[in-house]
Amino acid sequence: MATVNNWIDHLTAASKADGVAGPIFPGAGSEGILVIILVIIWIGWTVISSRQESDKLEKLARKRPSSNAWKSNITDG
Amino acid sequence: MTSQLDALQTIFTEFYYWTTVVLMFLIHVGFCMYEVGASRYKHHQHTLMKNTMLIPLVTVTWFLFGWWIYWAFPTGPGLAPSIMTESTGLVLGGGFGGNDLANPTNELMAVTLNDHIMGVFWAAFLLFSWTAASIVSGAVIERITTFAFGILAIAIGSVFWSIDAAWGWHFDGWMLKLLGYHDAYASGVIHAVAGGFALGVLVVLGPRIGKFTSSGEPRNIGPRNPWLVTVGLFLIYTGFWGFYAACNVPIYDLGPEYGMEGVTFFTATNIYLTPTTLSGITMNFLMSLSGGLLAGYVISKGDPFWTYSSGLAGIICASAGNDLYHPIQSLIIGMIGVVIAYKMHYWVERKFKIDDAVGAVAVHGYAGFAGLVICGFVLNGYPSSGYGVGEMWDGSTYAAINPLGMFVGAIVMFFVLGMIPGWIIAKVLNGMGKLRIPREVELAGLDYQIMEEAKEDEKAVASSSS
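Same order as they appear, the protein sequences are chains A and B. Letter 33 of the first sequence, counting from 1, is numbered 103 in my numbering, and no numbers are missing. Letter 261 of the second sequence, counting from 1, is numbered 425 in my numbering, and no numbers are missing.
Among the clues, some could well be false.
Claimed, not checked - Some residues of chain A that are not near chain B, with every Cβ distance over 10 Å (derived):
hint, residue
1, MET71
2, ALA72
3, ASN75
4, ASN76
5, ILE78
6, ASP79
Stated by the list, open to error - Below, in silico cross-link-like pairs of lysine-lysine (BS3-like), each with a Cα-Cα straight-line distance of 25 Å or less:
hint, chain 1, residue 1, chain 2, residue 2
7, A, LYS129, B, LYS623
8, B, LYS375, B, LYS598
9, A, LYS126, B, LYS598
10, B, LYS598, A, LYS133
11, B, LYS591, B, LYS515
12, B, LYS465, B, LYS375
13, B, LYS619, A, LYS126
14, B, LYS507, B, LYS517
15, A, LYS141, A, LYS129
16, B, LYS375, A, LYS141
17, B, LYS619, A, LYS141
18, B, LYS598, B, LYS517
19, A, LYS129, B, LYS619
20, B, LYS623, A, LYS141
21, B, LYS591, B, LYS517
22, B, LYS375, B, LYS507
23, B, LYS619, A, LYS133
24, A, LYS129, B, LYS598
25, B, LYS465, B, LYS515
26, B, LYS375, B, LYS591
27, A, LYS133, B, LYS623
28, B, LYS465, B, LYS517
29, A, LYS126, B, LYS623
30, B, LYS591, A, LYS126
31, B, LYS465, B, LYS507
Unchecked claim - Derived, one-sided and incomplete: chain A residues facing chain B with beta-carbon distance under 10 Å:
hint, residue
32, GLU101
33, VAL105
34, ALA131
In short, the hints are calculated from the structure, not lab data. From the three backbone atoms N, C-alpha and C, an ideal C-beta is built for every residue, glycine too.
Starting from the given sequences, assemble the full structure and let the hints guide the process.
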């Protein structure tokens, strides 16, 4: 995974190539795969959190607490 | 970076934008405090969570496509040719195209020693995106689902504001060339568009239960914690400094940029690469803030909520031209914007039964719209771009700033890219049954379950003997 194994060699080569030192993150060249993983995380999170929220709201709606019920559960520590 | 001067300029610019990002984070802290202070006790935690979660959602989508849209869409596409590619198609190459700079698979979108600017520039724009989404967040508190808000936040934060920035907040944007659009500190490209978007959502979302009487008279559901609101707004003011700084290029040699032979002219510029000074905009920022506070205090008869919000509205209204205005012009424009925003808020509330919980549509939308229109008159005749000095390859030039172009620009921002998309997306979410929380939950409070659980925890702790 290491893109750089020796800073002196890397920067020397870079200075000879017009200062082009390039990417230094691990696995340079795998950006496409990383982007696909990010899309999966984003969509997956959205689906899971949406289901969780719907369940929570439905459960609470079924309880039908009164509009003043919240006043009885204020905790003061 | 082979010379010390190049290195100094580059690293200074990198550090400059980095600092603006940190400062702008305070805008979000302020919005969180402001919204919690404005909401009722039974909705506090949900209100905070909703505004918090826009951070990762907008950040991820900004990385995936929001930043790319900004660089790819300056031509419309199809409305005016790019000065880089000489085509009206999407700007994908040419040195500053979407694929050159902002494709998420591009190595510039990571740690690379070839570039010190792209990451901090990306982040500065991202913080603007959060702001756009946060503006909408305040208007819809206490009745929207987190899921729906997440979708709407992505739409305004990573799509529509990005398109409007490409069109009107980019040196190559078609709105500069055809309309003479000028919006240095984002009266329109952030505030009018987000305010319009919020209004579109509110039309579909509807008011909070109890906001209007059966005869349609509005009831005041004022802020529950005015001190939190106050501190929140002061933090937003503070973050706004960072916002103003981030709208500039801190040091740039315009001589070679404009093709002026033998001329060297280092200066700060706005986003359009036309000259301004950090010194001048600092005066204008403070004077427009002051104008907003003065007008807000009088028109609201000393109401703290409106007075503090009016400080923000004053800055927002003057922002379009605060790179060039005289400080006293800034102050007066700020005052005008506040009067318009305040009057419009109550007129729209009564006439259309719109429940804008924190006045976001007024402070950002109406003040931003008014600021663009006023800018068209006050800066009438100024060039919208330094590139318009000579003729472009096709014989045309950038249009000068003018009242009609700025009015059309305001319509584009508030309605075309703001209100209409907001209304459509909210309609779709509503059709799916995903927009609004159930009535029972709204009455009981979104935090009811968390509070019940906390009560049980307290009981358990209190009854323990050890």
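Hints versus structure:
no., hint, result
1, MET71, "14 Å, holds"
2, ALA72, "13 Å, holds"
3, ASN75, "15 Å, holds"
4, ASN76, "15 Å, holds"
5, ILE78, "14 Å, holds"
6, ASP79, "14 Å, holds"
7, LYS129/A <-> LYS623/B, "23 Å, holds"
8, LYS375/B <-> LYS598/B, "22 Å, holds"
9, LYS126/A <-> LYS598/B, "13 Å, holds"
10, LYS598/B <-> LYS133/A, "20 Å, holds"
11, LYS591/B <-> LYS515/B, "21 Å, holds"
12, LYS465/B <-> LYS375/B, "22 Å, holds"
13, LYS619/B <-> LYS126/A, "18 Å, holds"
14, LYS507/B <-> LYS517/B, "15 Å, holds"
15, LYS141/A <-> LYS129/A, "20 Å, holds"
16, LYS375/B <-> LYS141/A, "20 Å, holds"
17, LYS619/B <-> LYS141/A, "11 Å, holds"
18, LYS598/B <-> LYS517/B, "22 Å, holds"
19, LYS129/A <-> LYS619/B, "18 Å, holds"
20, LYS623/B <-> LYS141/A, "16 Å, holds"
21, LYS591/B <-> LYS517/B, "18 Å, holds"
22, LYS375/B <-> LYS507/B, "19 Å, holds"
23, LYS619/B <-> LYS133/A, "17 Å, holds"
24, LYS129/A <-> LYS598/B, "15 Å, holds"
25, LYS465/B <-> LYS515/B, "22 Å, holds"
26, LYS375/B <-> LYS591/B, "21 Å, holds"
27, LYS133/A <-> LYS623/B, "21 Å, holds"
28, LYS465/B <-> LYS517/B, "23 Å, holds"
29, LYS126/A <-> LYS623/B, "23 Å, holds"
30, LYS591/B <-> LYS126/A, "23 Å, holds"
31, LYS465/B <-> LYS507/B, "13 Å, holds"
32, GLU101, "4 Å, holds"
33, VAL105, "5 Å, holds"
34, ALA131, "4 Å, holds"
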